[in-house]
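For this one, chain S is given, so just place chain C on it according to the hints.
2 protein chains.
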Amino acid sequence: MKRIYLDSNSAMPTRREVVEEMLPFFTEHYGNPSSIHELGKKPRRAMEVARERVASLIGSDPSEIIFTSGATESINLALRGPIPFRGPGKDRIVISQADHQSVRATSAAIENSGLRRSVLELDGSGRISMEEAERTIGEDVYMVSIPFASHEVGTLQPLGEVLELVKEHGALFHIDLTTSAFQIPFDVKELDADLVTLSSVDLMGPKGVGALFVRKGTGISGLIKGGGHERGLRSGSENIPGIVGFGAAAEYVKQNMSIYSPRLCSIRDHLIKGLLGIPDSHLNGHPKSRLPNNANIRFDYVEGESMLLLLDMNGISVSSGSACTQKNLEPSRTLLSMGLRHEEAHGSLQFTMNPDNTMEDAKYVISIMPEIVEQLRDMSPLYNP
Amino acid sequence: MKRIYLDSNSAMPTRREVVEEMLPFFTEHYGNPSSIHELGKKPRRAMEVARERVASLIGSDPSEIIFTSGATESINLALRGPIPFRGPGKDRIVISQADHQSVRATSAAIENSGLRRSVLELDGSGRISMEEAERTIGEDVYMVSIPFASHEVGTLQPLGEVLELVKEHGALFHIDLTTSAFQIPFDVKELDADLVTLSSVDLMGPKGVGALFVRKGTGISGLIKGGGHERGLRSGSENIPGIVGFGAAAEYVKQNMSIYSPRLCSIRDHLIKGLLGIPDSHLNGHPKSRLPNNANIRFDYVEGESMLLLLDMNGISVSSGSACTQKNLEPSRTLLSMGLRHEEAHGSLQFTMNPDNTMEDAKYVISIMPEIVEQLRDMSPLYNP
Numbered sequence: 009m010k011r012i013y014l015d016s017n018s019a020m021p022t023r024r025e026v027v028e029e030m031l032p033f034f035t036e037h038y039g040n041p042s043s044i045h046e047l048g049k050k051p052r053r054a055m056e057v058a059r060e061r062v063a064s065l066i067g068s069d070p071s072e073i074i075f076t077s078g079a080t081e082s083i084n085l086a087l088r089g090p091i092p093f094r095g096p097g098k099d100r101i102v103i104s105q106a107d108h109q110s111v112r113a114t115s116a117a118i119e120n121s122g123l124r125r126s127v128l129e130l131d132g133s134g135r136i137s138m139e140e141a142e143r144t145i146g147e148d149v150y151m152v153s154i155p156f157a158s159h160e161v162g163t164l165q166p167l168g169e170v171l172e173l174v175k176e177h178g179a180l181f182h183i184d185l186t187t188s189a190f191q192i193p194f195d196v197k198e199l200d201a202d203l204v205t206l207s208s209v210d211l212m213g214p215k216g217v218g219a220l221f222v223r224k225g226t227g228i229s230g231l232i233k234g235g236g237h238e239r240g241l242r243s244g245s246e247n248i249p250g251i252v253g254f255g256a257a258a259e260y261v262k263q264n265m266s267i268y269s270p271r272l273c274s275i276r277d278h279l280i281k282g283l284l285g286i287p288d289s290h291l292n293g294h295p296k297s298r299l300p301n302n303a304n305i306r307f308d309y310v311e312g313e314s315m316l317l318l319l320d321m322n323g324i325s326v327s328s329g330s331a332c333t334q335k336n337l338e339p340s341r342t343l344l345s346m347g348l349r350h351e352e353a354h355g356s357l358q359f360t361m362n363p364d365n366t367m368e369d370a371k372y373v374i375s376i377m378p379e380i381v382e383q384l385r386d387m388s389p390l391y392n393p
Numbered sequence: 009m010k011r012i013y014l015d016s017n018s019a020m021p022t023r024r025e026v027v028e029e030m031l032p033f034f035t036e037h038y039g040n041p042s043s044i045h046e047l048g049k050k051p052r053r054a055m056e057v058a059r060e061r062v063a064s065l066i067g068s069d070p071s072e073i074i075f076t077s078g079a080t081e082s083i084n085l086a087l088r089g090p091i092p093f094r095g096p097g098k099d100r101i102v103i104s105q106a107d108h109q110s111v112r113a114t115s116a117a118i119e120n121s122g123l124r125r126s127v128l129e130l131d132g133s134g135r136i137s138m139e140e141a142e143r144t145i146g147e148d149v150y151m152v153s154i155p156f157a158s159h160e161v162g163t164l165q166p167l168g169e170v171l172e173l174v175k176e177h178g179a180l181f182h183i184d185l186t187t188s189a190f191q192i193p194f195d196v197k198e199l200d201a202d203l204v205t206l207s208s209v210d211l212m213g214p215k216g217v218g219a220l221f222v223r224k225g226t227g228i229s230g231l232i233k234g235g236g237h238e239r240g241l242r243s244g245s246e247n248i249p250g251i252v253g254f255g256a257a258a259e260y261v262k263q264n265m266s267i268y269s270p271r272l273c274s275i276r277d278h279l280i281k282g283l284l285g286i287p288d289s290h291l292n293g294h295p296k297s298r299l300p301n302n303a304n305i306r307f308d309y310v311e312g313e314s315m316l317l318l319l320d321m322n323g324i325s326v327s328s329g330s331a332c333t334q335k336n337l338e339p340s341r342t343l344l345s346m347g348l349r350h351e352e353a354h355g356s357l358q359f360t361m362n363p364d365n366t367m368e369d370a371k372y373v374i375s376i377m378p379e380i381v382e383q384l385r386d387m388s389p390l391y392n393p
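These protein sequences, in sequence, are chains S and C.
So for the first sequence, my numbering puts the first residue at 9; every next one is plus one.
So for the second sequence, my numbering puts the first residue at 9; every next one is plus one.
Watch out, some of these pointers could steer you wrong.
No copy labels: a pair is met if it fits in one copy or bridges any two.
[What the hints assert, rightly or not] Below, a list of computed lysine to aspartate or glutamate pairs in the DMTMM-like style, where the Cα atoms sit at most 20 Å apart:
hint, residue 1, residue 2
1, K262, D131
2, K262, E56
3, K262, E351
4, K371, D148
5, K50, E172
6, K10, E36
7, K224, D99
8, K10, E46
9, K49, E368
10, K10, D369
11, K49, D320
12, K175, E60
13, K49, D131
14, K49, E313
15, K10, D320
16, K224, E60
17, K50, D320
18, K49, E60
19, K281, E379
20, K197, E313
21, K371, E382
22, K224, E313
The hints are simulated quantities; they were obtained by calculation from the structure and are not laboratory data.
Next up, chain S with everything else stripped away, as it sits in the complex (with noise of 0.2 Å):
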């Protein structure tokens, strides 16, 4: 059986083409990059190449990237690192039920270890209101922390408005680039935030490496204690295949995303206009100001999961929540914030995909849908058509 994977914001494929990049610092250039000899130099200037590889995919300056072990680890840099620099009086956090699960578990941990966290809720279609922004960026907040578009929902938030409040009252800027930066450009130079986190795996790189962006002059210190690598903010003898495939990534999607994220919106049109086909069924998240590769889509009486378990055996792989808490039984916050009632957020689905998803995908998902919610349905008790 064919396998339609529509599951690329918990995993993507590794592309063969950085794979190869990667090989030779496994088993031939693999010296340490601090090493004087004649085995240091390749991976040192292999590392200097995937920085200004990944610089380059948001404008930054080489300087500015700090290598991390992954997205995870780069918000929990992002969010905690400045605390020791925070001027005086600053001692909040504002984030938003748009955030990733590490967003919110660090912000959690900051609140425990006794600042104070404020977390802004999402209209209808999965935005922060700029007016609640207005209310509660004060001069007490030290960082604001927005991703540039809903992990889940794919809806993309209002990032120059709230940097112009955020620069207003003097806080940090982190932005979560993780799910947009395969498919949306970014630019540093264009808007000027403080932090932004990036992950290899979902710019199609390997998975356990990332980086955080840290504009030159910003106060931060490391979390992670050692020999001083990345400039002090990161110790720990560099992953350097890793970062060596993490570059190659970022310079395919730097070349190619300008091709394959159109192809990606139309693919993504026609699956969600396919599967509202089906009754009371509904998009969740903005229409429009959304991911090229998300949809997200809710249907009525029907329990995610099991939609999930049907596909799967149709050879469909798609994702009922965000997948490091899908153990979690708990319904999405993101869905939840957006005044979806508990049982409609457990009958949501996301389809996310990657550039090799076709059309054919698309058709094959719109093909069986139906008989899949319609099997259910006619289980579910609360379903009286």
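Showing chain C alone in chain S's frame:
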């Protein structure tokens, strides 16, 4: 020119068969192990096999293995994670001058945050003194961290004796197994440590992955917050190819250590004997109780960096300090603690092997080293033969 690599403490090559096991997890079994659908299964199962293999290397239960991004992160987690759970009045950590830079830096950060720290000095052979340990380890100590072997000079530490002291005072015991795990057997059932750091690259696995053994029942909180992976102790989507490679490397080491370790001892002893034939040269560290792969030799009246560069020009890679701090010109604290003067520490070279090294490598170094030392001594104003 044939390259002879004798800098395995700085980085080891990943074994080809290890890379082969990793490859399918980049491009084929790329799913997120938390996913419920088909593509989550293989990564999930592979991660559990890797956990069993790593656990098996040190005789632990798989549930006691927490995967991290490497030894440095493991050490940060080991030293800081238990702080919130320490008993009343327990506000001191004890480390030693044999420790890796990451233990020193992490414990220094702990000291800066308000706790206290004691650093055990070393005797002339690189061993901690049990007399000093007895004086130092008291009821106010929450943790003692000792490496199985000195990272630089390779001297083995009296772990069993320290363990007794540690238990007597109700402290936790962390053992850094980074440099020893591939060459000397270790079993957590025989030596009752609470926390043990393991590194993948030092087992000839990939860089960017490590583990912390946490004995069942040990109170510890995670440093990196997020989706609650690794029993809540290390959030972040798992680096599956890296973890698979780590497991494969652990399995290789378990199967082959008894074959290659005695061979490494022979090569080491031949190398030490040959190099001590050079006038005014000395072995650093214990002559017998040392890592099979480590020869650390000092040459009077010569600079380590200069020898390193001339060896490099002759195709030989070695290290003059610990790799991650080579950019730092401070002399090694381990060597100073052993009673060496600054210039003696600066004249020391680390020759560290892996199972790919041969007796021929040692013979070549022995053949070339005398003229390098002589050449440099001829230029030295301090040398008056």
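Checked hints:
no.: 1; hint: K262 with D131; verdict: neither (32 Å within a copy, 56 Å between copies)
no.: 2; hint: K262 with E56; verdict: within (17 Å within a copy, 36 Å between copies)
no.: 3; hint: K262 with E351; verdict: neither (40 Å within a copy, 51 Å between copies)
no.: 4; hint: K371 with D148; verdict: neither (51 Å within a copy, 67 Å between copies)
no.: 5; hint: K50 with E172; verdict: neither (43 Å within a copy, 46 Å between copies)
no.: 6; hint: K10 with E36; verdict: between (37 Å within a copy, 13 Å between copies)
no.: 7; hint: K224 with D99; verdict: neither (23 Å within a copy, 37 Å between copies)
no.: 8; hint: K10 with E46; verdict: between (47 Å within a copy, 12 Å between copies)
no.: 9; hint: K49 with E368; verdict: neither (46 Å within a copy, 25 Å between copies)
no.: 10; hint: K10 with D369; verdict: within (10 Å within a copy, 52 Å between copies)
no.: 11; hint: K49 with D320; verdict: between (47 Å within a copy, 12 Å between copies)
no.: 12; hint: K175 with E60; verdict: neither (28 Å within a copy, 50 Å between copies)
no.: 13; hint: K49 with D131; verdict: neither (52 Å within a copy, 36 Å between copies)
no.: 14; hint: K49 with E313; verdict: between (50 Å within a copy, 16 Å between copies)
no.: 15; hint: K10 with D320; verdict: within (11 Å within a copy, 53 Å between copies)
no.: 16; hint: K224 with E60; verdict: within (16 Å within a copy, 44 Å between copies)
no.: 17; hint: K50 with D320; verdict: between (44 Å within a copy, 14 Å between copies)
no.: 18; hint: K49 with E60; verdict: within (17 Å within a copy, 36 Å between copies)
no.: 19; hint: K281 with E379; verdict: within (17 Å within a copy, 78 Å between copies)
no.: 20; hint: K197 with E313; verdict: neither (42 Å within a copy, 42 Å between copies)
no.: 21; hint: K371 with E382; verdict: within (18 Å within a copy, 77 Å between copies)
no.: 22; hint: K224 with E313; verdict: neither (45 Å within a copy, 33 Å between copies)
Of the hints listed earlier, those the structure fails to meet are numbers 1, 3, 4, 5, 7, 9, 12, 13, 20 and 22, in rising order.
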